[in-house]
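Residues per chain, in single letters:
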Amino acid sequence: MKKKSNSLFEDERTLILKLIDGDQSAFEYVVSEYHNIMLSIARAIVGDAFADEVVQEAWISAIKALPKFEQRSKLKTWLLHIVSNGAKSRVRRENRMVSLDEGWESVPADKFDHTGHRIDNVSPWEEGTPEALLANDQLQSIIEHSFQQLPALQRAALTMYDMEGIKMDEICNILDVSASNVRVLLHRARTTLHHSIDKYQDNK
Amino acid sequence: MYQCKDITEEVNNYIEGDVPLTKRIGLFFHFLMCSCCRNYLQQIRSTISIVTTSQPKEKDSTDLKALAQQLQGLCDKHDH
Chain Z
1 MKKKSNSLFE DERTLILKLI DGDQSAFEYV VSEYHNIMLS IARAIVGDAF ADEVVQEAWI
61 SAIKALPKFE QRSKLKTWLL HIVSNGAKSR VRRENRMVSL DEGWESVPAD KFDHTGHRID
121 NVSPWEEGTP EALLANDQLQ SIIEHSFQQL PALQRAALTM YDMEGIKMDE ICNILDVSAS
181 NVRVLLHRAR TTLHHSIDKY QDNK
Chain L
1 MYQCKDITEE VNNYIEGDVP LTKRIGLFFH FLMCSCCRNY LQQIRSTISI VTTSQPKEKD
61 STDLKALAQQ LQGLCDKHDH
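Protein sequence lines, in the order shown, are assigned to chains Z and L. According to our numbering, the first sequence holds residues 1 to 204 in order. According to our numbering, the second sequence holds residues 1 to 80 in order.
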């Protein structure tokens with residue numbers, strides 16, 4: 001599902017021209033729209049310690065290069081590649097490796113018998129649209145908390161694929177991981193969030 | 001024959017259509033027979049919808065207004 005864009009800047013060409021002209025509202029708009037996902041990507045690639053610095057440098061490079069931006073891709077994609085490249089160079093300099101397995105807990109083995117059949121009973125969740133369910137502040141804060149506890153690579157994969165609708169091959173390029181690894185990251189992130197929502201449903 | 005344990009490993013690939021046809025058919029038959037796994041599949045689908053709607057964010061203490069001003073300042077420097 002894609003986010004609604006600000007009606008002032010629905011035309012990306014206009015937004016870019018306004019940025020080049022130094023329009024304050026255009027800057028506030030792009031920073032509020034893209035800073036968080038840029039941070040997510042930087043954290044996934046280079047880790048928390050250097051992510052803020054990498055994003056700051058990416059913004060400065062992007063704004064300086066903006067007059068030469070040929071718009072062969074969306075502004076968002078272009079920004080994500082700039083931050084991704086900056087983070088990858090930083091990784092090379094710092095010699096840092098991020099493990100795909102960081103913080104992963106599968107479905108506990110005690111939920112299955114020796115033949116692999118479930119021994120717990122999985123009941124349907126309370127029905128309702130996501131919007132109706134999220135009207136409950138407690139669920140919203142459970143999701144927020146659970147999301148923030150995920151390893152950075154899982155957060156980045158989930159944000160790009162499920163929340164921003166970015167295509168799989170683009171995510172592979174940005175994070176520099178294979179499609180099968182992105183699928184593993186998505187599976188783990190969704191499974192962890194499912195556990196949190198399931199506990200909330202059980203305790204209601 | 002697929003077991004419930006296999007479903008927990010493959011459910012996201014199944015949702016994304018990233019499983020070969022024969023495996024897909026095998027998983028489909030398991031869903032037909034097992035109400036727990038049908039419920040689990042529905043819960044994972046709901047999880048995706050809820051998370052997509054909820055749009056959780058990275059923790060971030062950046063002053064976005066100050067950053068926007070700083071970047072805007074770069075354009076002013078280009079102009080003069």
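Some clues are possibly wrong.
Unchecked claim - Facing chain Z, a subset of chain L residues (Cβ under 7 Å, in silico):
#	residue
1	Phe28
2	Asn39
3	Leu41
4	Gln55
5	Ser61
As the list claims (entries may be wrong) - If you anchor each label on the Cβ, the simulated ranges turn out as follows:
#	chain 1	residue 1	chain 2	residue 2	range
6	L	Phe28	Z	Asp113	21 to 27 Å
7	L	Thr22	Z	Glu126	31 to 37 Å
8	L	Phe28	Z	His145	32 to 38 Å
9	L	Arg45	Z	Asn136	18 to 24 Å
10	L	Phe29	Z	Ser178	40 to 46 Å
Hints in this document: simulated from the structure, not taken from any laboratory. Glycine included, each C-beta is placed from N, C-alpha and C at the ideal position.
Taking the hints in turn, this is what the structure says about them:
1. The beta carbon of Phe28 (chain L) is not positioned within 7 Å of any beta carbon in chain Z (closest approach about 18 Å), and the interface hint is therefore violated.
2. Restraint check, Asn39 (chain L) versus chain Z: the minimum CB separation of about 4 Å is within 7 Å; hint holds.
3. At its closest, the beta carbon of Leu41 (chain L) sits 10 Å from a beta carbon of chain Z; the interface hint therefore is violated under the 7 Å criterion.
4. The interface hint given for Gln55 (chain L) is met, as the beta carbon of that residue sits about 6 Å from the closest beta carbon of chain Z, less than 7 Å.
5. A distance limit of 7 Å between C-beta atoms decides the matter here; for Ser61 (chain L) the minimum to chain Z is near 9 Å, and the interface restraint is violated.
6. Under the hint 21 to 27 Å, the C-beta atoms of Phe28 (chain L) and Asp113 (chain Z), about 23 Å apart, fit the expected range.
7. Distance hint check for Thr22 (chain L) and Glu126 (chain Z): the Cβ-Cβ separation is about 35 Å, which falls inside the suggested range of 31 to 37 Å.
8. The given range of 32 to 38 Å is respected by Phe28 (chain L) and His145 (chain Z), whose C-beta atoms sit roughly 35 Å from each other.
9. Separated by about 19 Å at the C-beta atoms, Arg45 (chain L) and Asn136 (chain Z) satisfy the suggested range of 18 to 24 Å.
10. A hinted range of 40 to 46 Å is violated for the C-beta pair Phe29 (chain L) and Ser178 (chain Z), which are about 30 Å apart.
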